[in-house]
Amino acid sequence: MKKKIHILALAAVVMGASCTKEDFSAAYPNPASLSRSTVEKQYAGALNTSMQGVLPSYWNYFVILRTTLQYFNQAVGWSNYAGQYVPGAAAISDRWNNFYNYVAQYRELEKIHKALPADDQANYRIFMLTAKIYFFDMTQKNVDLHGDIPWSKAGMLSANGGDYMASLPAYDAADKIYTTMLDELKAMADELSTITVNPGILVGFRNQDIINKGDIMKWRRYANSLRLRILTRVSDAPAFSARATSEIASILSNPTQYPVISQNSENVQVTVLDLSTGINSGGFRTGLEDWNGNMASKRMIDHMKANSDPRLRYIFEPGLTAGTTYDGVDPLGDATVTAQLISGGKIAMYNRTTLSRNQFFPGVLMNAAEVQLLAAEAYLKAGNNAAAKTAYERAIAASIDQYVGFRNLSSRWNSGLRTAVWIPR
Amino acid sequence: MLNNRITFEASYYNAQVRDQILGQTIPSSSGASAILTNIGTLRNSGLEAAIFGTVVSNKQITWETGLNIAKNWNKVEKLQSGLTEYLHADYDGNAAVLKSVVGQPMGDLYGHPILTNAKGEKIVDPNGLYRVDANKLEKMGNAMPKVVGGWTNTVTYKGFTLDAMVDFRIGGHVMPTGVYWMMGRGLLEEATQFMDAASGGLRYYYDPVTKRGIPTTGSAGPNGEPVYNDGMLIDGVLADGSKNTNIISQAYYFWTVYNWGGPQYSPNTRYDLYINENSYVKMREVTLSYKIPASIASKIKATSLQLAVYGRNLFFLYRTLKHIDPEQTTAGSRWYQTVNNIGTNPSSRQFGVMLRAKF
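These protein sequence lines map, in sequence, to chains Z and H. Residues 1132 to 1556 in the numbering used here are what the first sequence lists, from first letter to last. Residues 42 to 400 in the numbering used here are what the second sequence lists, from first letter to last.
Chain Z with its partners taken away, still in its complex shape (with noise of 0.2 Å):
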């Protein structure tokens, strides 16, 4: 009888503290209205669409680099295969459409910012300027691989009201791309030298901003390493060779105006804070791992080997039964052959700490070892040969040291899970 009288009370309470239908209503947003976004939200949003690319994510790595990139560069080793070279239209398709995916959010942010009132937009401006500087690199590896792309009229969906005949874009041509993405990046470089933010505006750009976090010298540094990156690209083709080496020697000569990423400190990179976030390197073990994807390739390990590379024992670790000898897959292979040494573990392969299976390794944009090299080459087209071994041996220097600092941050290092031939520094 107890027992009942509590089941009526527990009921009655249930029944008092009920609901009516229109709180219902009120608690789901309308989907029509699911639509309005913000420029804060929508320039994290925007970057977060492309991180896919930009963090080692299983799909990148497995999917797309695996068979393309990887393979056309010997960055690893595998066994031959008919048709290896012919990469699969997931490869290809999938590299696309999410290059466009963060097109169409770039062209969002673009459409709510041009909303706003004038004020408004002028005090946003930081938004637009540091997510076009982004726009624009991503922009630069496209273009790189594809050639003429649907660029200055692509994404435009939602701006057009969604008229889908009306959007379909035709193609830019890349030297146009090129020029235009010089001209205005060194716009972007100048007028980021005399910014000023709005206190406030500067507190939301510093949350929001997931890959410098609002530090603007960061990305004053990241406009014109990528201008130098740009340039160096296209010094050889007639149409761009005497921009390049004047506007080349402009910035390296005026580091007050025109900072570079000089030192690691400075890199340009998506810095993976907390695992239990989506910005993280998760995915990178099966996708360079899975289907032995991350066997060493014998063109590097040789060219490590014979440099005595220090590198060499924290880019790779032996075979699990090769002891201590690090050994590549050598591409003229016999297939059968090769399978055979792989599948013993004969093969060196990516060391699972400080890549793969690092969970903590960082999304890199640009960093100290690329640039040191992209002036590096500068100089010595320009004859300066003292400066370009100088450039050089910095640019190893940051390289390793950024290697030893990836192992350092590897969550399996910190773990304790080392394998068994580690020789620690």
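Hints are computed from structural coordinates only; laboratory data are not their basis. For each residue, glycine too, the CB sits at the ideal point set by N, CA and C. Just so you know, not all the hints are guaranteed correct.
[What the hints assert, rightly or not] Quick list of simulated restraints, FRET-style, between CB atoms:
(1) V143(H) x K1245(Z): 52 to 58 Å
(2) D131(H) x L1406(Z): 33 to 39 Å
(3) S388(H) x A1213(Z): 36 to 42 Å
(4) I1223(Z) x L108(H): 51 to 57 Å
(5) G64(H) x G1536(Z): 42 to 48 Å
Since the structure of chain Z is provided, determine the placement of chain H on it from the hints.
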């Protein structure tokens, strides 16, 4: 007719479906990869006919039977803004596609044919297998059945009633990929062909230098290589026009030819073999029931009492697909998800006993 012993019904329809709502894939460079929109005009015309009759009717036995047949002609008349075809599905990395082409019935299955040279000879790769033509898609079938229908029978004798229902479908193609993957892994009887001399396998040894199978009658190769009896020789020419002479093991043949993926992933995997006609005549249901006499039923105060045994999905009188229930190709709620058996559960056969009482 004949004292209402025969009834005949026929109907004809001709309908146009306008502004069909479909998910249209668009280039992702436009800002989205697909959009749900009103596209497509479809024409459906058809004929449905049914005949019912009482074959036997006397005091002891009645036998009623009925046959119905439906035939639908379907044509894609127009797609949005000048498009000539609509892609419903792309299977396994462009191994096969399901699309609708303007002027054709909906749901054509396309696959890659075997690559041929200028003389029309089939091309065999150095590995001894046919190479599929990555740049060509050919129509290999259409998912729409040509005719469907059923045949019902009810025989009553004293208190017994026997119901029997037969369903049939003629024509229409499906691609039961899962069945062929079983083939590739040697799980089907067909995959035992050429496994030994008795089943037609050729005798050969593998020459590790030329990486080819060489026919032999001896018990070992010239350098003591082991001899196998599971050889197959594919009829075709190599890319240079010379005749293929490379004997391969049947295990390698089945493993590769019945594998996963389009030409970019598996250049020797042949989805053209996976697309099959799906026709069947199925014993859908048989029920035998007995109406227990009222004198017995009244003892438990029931006004009527009926005992029945039934079986559903019993057997096939005829079918073109041997290894699966031809209706088990439904992997989703859209019609174009009904041509493949990936991710579907096997169907079940049901038997039951039923007692029905009215009080």
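Going through the hints against the structure:
1. V143(H) x K1245(Z): 52 to 58 Å: Violated - the Cβ-Cβ distance for V143(H) and K1245(Z), about 39 Å, lies outside 52 to 58 Å.
2. D131(H) x L1406(Z): 33 to 39 Å: Holds: the Cβ-Cβ distance is about 35 Å, inside 33 to 39 Å.
3. S388(H) x A1213(Z): 36 to 42 Å: holds, 38 Å
4. I1223(Z) x L108(H): 51 to 57 Å: Because 53 Å falls inside the window, the suggested range holds.
5. G64(H) x G1536(Z): 42 to 48 Å: The hint (42 to 48 Å, Cβ to Cβ) holds, given that G64(H) and G1536(Z) are roughly 47 Å apart.
Hint 1 from the earlier list is the only one contradicted by this structure; the remaining hints agree with it.
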